[in-house]
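This is what each chain is made of:
2 protein chains.
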Amino acid sequence: MADWRPDRDSPLPIYAQIAGYFQSKIGGGDWPEGMKLPSQRELARQLGVNRSTVVTALGQLAALGLIEGRQGGGTRVAGKERTQKTAGSWNDYVEEGIHYPNLPAVQAINRLEFRPELLRLGTGEPAPELLPGEQMRSILAELTREELPLAYEEPLGSLRLRRAVSKELGRTGIQAGPSSILILSGALQGIQLISLGLLPKGAGVLLEKPSYLYSIHSFQSAGVKLHGLPMDGRGLVTEGLEAQAARTKAALLYTIPSFHNPTGMLMDAERRRELMEKTAALGLPVLEDGAYQDLWLDAPPPPPLKALDRNGQVLHLGTLSKSASPGLRIGWVAGPEQVIRRLADIKMQTDYGASSLSQLAAAKWLEDGCHARHTGALRLMLRQRRDVMLELLELHFAGLAEWTKPSGGFYVWLRLNKSLPLPKLFRTALAEGLLLNTGDLYDRSDARHLRLSYAYASPSGLEQGIAKLAELVRRMGRLS
Amino acid sequence: MADWRPDRDSPLPIYAQIAGYFQSKIGGGDWPEGMKLPSQRELARQLGVNRSTVVTALGQLAALGLIEGRQGGGTRVAGKERTQKTAGSWNDYVEEGIHYPNLPAVQAINRLEFRPELLRLGTGEPAPELLPGEQMRSILAELTREELPLAYEEPLGSLRLRRAVSKELGRTGIQAGPSSILILSGALQGIQLISLGLLPKGAGVLLEKPSYLYSIHSFQSAGVKLHGLPMDGRGLVTEGLEAQAARTKAALLYTIPSFHNPTGMLMDAERRRELMEKTAALGLPVLEDGAYQDLWLDAPPPPPLKALDRNGQVLHLGTLSKSASPGLRIGWVAGPEQVIRRLADIKMQTDYGASSLSQLAAAKWLEDGCHARHTGALRLMLRQRRDVMLELLELHFAGLAEWTKPSGGFYVWLRLNKSLPLPKLFRTALAEGLLLNTGDLYDRSDARHLRLSYAYASPSGLEQGIAKLAELVRRMGRLS
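In order, the protein sequences belong to chains A and B.
At the far end of the first sequence sits residue 480, using UniProt numbering, and the numbering has no gaps.
At the far end of the second sequence sits residue 480, using UniProt numbering, and the numbering has no gaps.
Bear in mind the hints are in silico, worked out from the structure with no lab data behind them.
Watch out, some of these pointers could steer you wrong.
Identical copies go unnamed one by one, so any copy, or any two together, can satisfy a pair.
[To be verified] Derived DSSO-like pairs (lysine-lysine); straight-line CA-CA distance at most 30 Å:
(1) K201 / K225
(2) K36 / K167
(3) K278 / K225
(4) K278 / K405
(5) K468 / K424
The task is simple: from the sequences and hints, build the whole structure.
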């Protein structure tokens with residue numbers, strides 16, 4: 001009960017608030033039958049009230065038959081009435097609904113990432129100290145001198161932000177005007193909107209295997225089927241694409257050509273051209289995820305697929321989440337106007353647009369050149385961390401695993417020399433304080449890979465974590 | 001082309017940027033075959049470049065066969081190659097996808113609301129001058145002194161905001177701790193998450209008829225069917241609920257008990273108790289939309305249904321959109337923890353949480369008491385506007401229509417004495433500069449109602465608009 005306290009300013013008496021809260025916890029099934037309540041003294045302490053107030057509240061609950069005292073067993077949640085009544089409650093629907101739940105491991109990771117004592121070795125976001133807190137504060141300070149957009153924004157999103165994004169895209173070789181751009185509440189939302197708005201049920205989607213997309217369920221929940229394509233050192237393998245497309249009745253191809261998640265791979269320029277030619281010939285639309293493309297570490301990547309697109313064949317996703325701020329929840333999708341309008345219409349039905357405050361901050365961030373400056377600085381820091389990680393891998397994983405040096409993004413895709421039960425490795429590592437992103441999240445059948453991220457853990461954290469991880473892998477390898 | 005200009009700072013030559021932009025517009029189908037391009041001089045002006053640059057770019061496009069000069073007809077978009085190539089492009093998918101588009105009229109309204117010359121007589125948001133621009137700027141200024149949450153937030157949303165919402169709910173009689181609350185990107189998202197996450201396909205939903213929910217497609221797109229229930233002066237009619245629930249295999253009941261959208265109706269305390277008893281007996285979960293409940297004008301409404309809920313039977317939706325700021329996109333849903341966690345999991349897959357900046361601003365807004373103060377002031381202003389509207393209706397619509405005085409919210413539900421073709425009324429009014437929300441948006445078969453809003457148009461705008469509207473209705477009534 002630690003997360004709730006009665007409100008002294010409320011017109012409702014304190015004891016009634018407490019009784020109401022307990023009743024809703026019990027009635028709603030959050031506190032199951034037989035659950036033991038803390039002592040009256042302890043409850044009074046937790047709720048910050050007098051013991052007599054607790055006694056009054058408990059008396060009321062007992063009178064309703066919701067709690068009962070047992071000899072020597074303290075006070076417990078009673079069962080009978082509740083069980084009978086919760087039939088037909090919302091709890092019955094938790095297993096219903098067409099949208100799949102996240103994988104249990106992903107749910108666990110989403111929760112565990114907020115446990116500060118854990119060392120996060122695979123996290124897909126920059127560490128707090130890499131985020132531009134100071135600069136963003138200056139942006140906010142400047143915004144206090146402007147007219148704040150507190151009303152709803154246009155369906156496509158703030159024109160000012162779309163203009164700034166248009167310019168940003170222009171730098172990568174994509175010429176898209178504001179009317180070809182939809183502002184998203186993060187790039188992930190683009191995938192959701194496309195799966196709800198553009199794809200017929202049962203459509204097939206070709207994508208790299210492994211892929212980030214396997215770890216979420218937007219496409220699958222819309223009844224779309226994923227079909228993995230192999231990768232080599234130059235990116236997605238295009239050989240055999242025609243046959244695969246035909247066999248799977250593919251409706252689109254999803255790809256992360258630059259600094260792929262989870263492998264860190266870069267698709268080279270020639271492969272990009274091949275892919276565009278083949279998909280054009282096949283009439284296969286392409287969804288390009290450019291989330292990491294700005295985060296090159298050694299040299300800029302080749303122009304995005306969208307820059308090569310002459311047929312309205314590519315939808316291009318971009319985001320501020322991997323560089324400026326995940327929390328802002330600002331992304332975008334660029335493509336043919338008709339398609340963008342259709343997605344905007346579904347977005348209006350979904351969340352009525354992205355936060356206008358985030359949109360304004362993002363526009364200013366891009367306009368003032370903060371983004372370019374920050375991304376430049378971030379690259380330097382990521383490069384250092386990558387190099388630390390590569391040295392540590394050399395030191396601890398030689399003979400245990402293989403890897404390649406990523407030329408951008410956040411990830412090293414570690415290939416263990418020996419298959420391991422990854423869910424067990426996840427649990428064991430967790431018990432040792434390490435939070436891992438195991439390969440099976442990105443390819444259900446995988447038993448050999450870990451997605452390591454040098455973006456989150458500090459260099460000293462990496463030092464500790466990689467050493468400990470190597471030890472665990474070695475130990476588990478001997479046992480298996 | 002007015003919305004795009006080449007970027008002088010880009011490494012790509014200006015002519016190449018222009019050619020790339022034109023090529024993507026033509027290839028993507030945004031500029032159809034035969035479309036006439038402006039003259040070279042005009043293009044140079046619009047793009048802010050020399051005419052010679054335009055000539056170079058057009059030359060390149062002509063060489064690719066994308067444009068052609070016609071005798072005396074200027075330059076036009078060529079057709080052949082494009083038509084052949086766009087097969088298999090994203091444009092082919094615009095009619096696909098499981099999510100329904102918005103009603104054409106709703107799409108039109110969503111666009112037209114951004115035309116400042118139109119008088120908006122039915123809009124569901126407060127006028128810009130009623131929004132707390134000044135106070136929100138102070139909040140932002142204070143935030144610049146805090147640690148900004150630039151990282152991802154917890155699946156349920158910022159704990160700080162959930163604590164503030166918990167307190168806010170407590171004031172209405174709902175005792176819900178932070179773990180029973182999910183922060184939404186606007187309350188509308190709650191409907192989307194529930195339809196994707198909790199309801200089996202083909203489930204039936206009972207709701208008031210008319211209802212706001214008929215104007216969006218979240219439920220319908222998830223394969224859920226809506227079944228309207230009648231209303232009387234005391235709210236949703238509960239008589240016959242059992243039979244309706246059985247006949248429609250209803251999975252839930254959706255209701256806006258306080259200041260219903262679009263009718264402005266208030267469900268009285270007795271009807272609320274009846275509804276809770278009947279739905280409890282039926283085992284029928286309730287989705288309560290509390291969007292307008294704070295905006296009482298004469299007296300506070302009875303406690304929300306959720307405050308009467310003892311069985312985890314009610315999910316309660318709330319929002320800041322109708323008072324503090326639509327643009328912040330902050331809403332919440334409160335209910336049993338299990339259910340809230342399931343919805344949070346789908347939210348993570350949908351948009352990875354609401355904007356952290358919006359969440360922080362909202363938390364501060366609630367904590368500092370700004371919300372209570374602003375809502376108080378807003379009530380005064382809305383009351384004045386309501387009274388102005390009622391006087392104007394008396395003046396212009398006596399004998400033409402009937403209405404009741406709303407005791408809160410934004411709307412008067414005007415019942416015309418004579419049926420009219422509402423789509424035609426919408427178009428005619430639009431031609432005269434009035435943007436209407438006609439009754440058929442909220443009940444497909446309706447031909448007699450208009451949702452009038454006193455929240456958006458200024459008192460002088462209302463004066464003008466209501467007079468003009470009466471004239472149109474009278475004229476159309478004579479014709480029909």
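How the hints compare with the structure:
Taking the shortest alpha-carbon separations for K201 and K225, both the intra-copy value of 9 Å and the inter-copy value of 19 Å come in at or below 30 Å. In this assembly of identical chains, K36 and K167 lie within 30 Å of each other by CA distance solely across copies; the values are 26 Å between and 61 Å within a copy. In this assembly of identical chains, the alpha carbons of K278 and K225 lie at most 30 Å apart only when taken from the same copy (21 Å versus 42 Å across copies). In the homo-oligomer, the alpha carbons of K278 and K405 lie at most 30 Å apart inside one protomer (29 Å), although the nearest pairing across protomers, at 65 Å, exceeds that limit.
When the C-alpha separation of K468 and K424 is checked against a cutoff of 30 Å, the pair qualifies only within one copy, where the shortest distance is 15 Å, while the shortest distance between copies is 72 Å.
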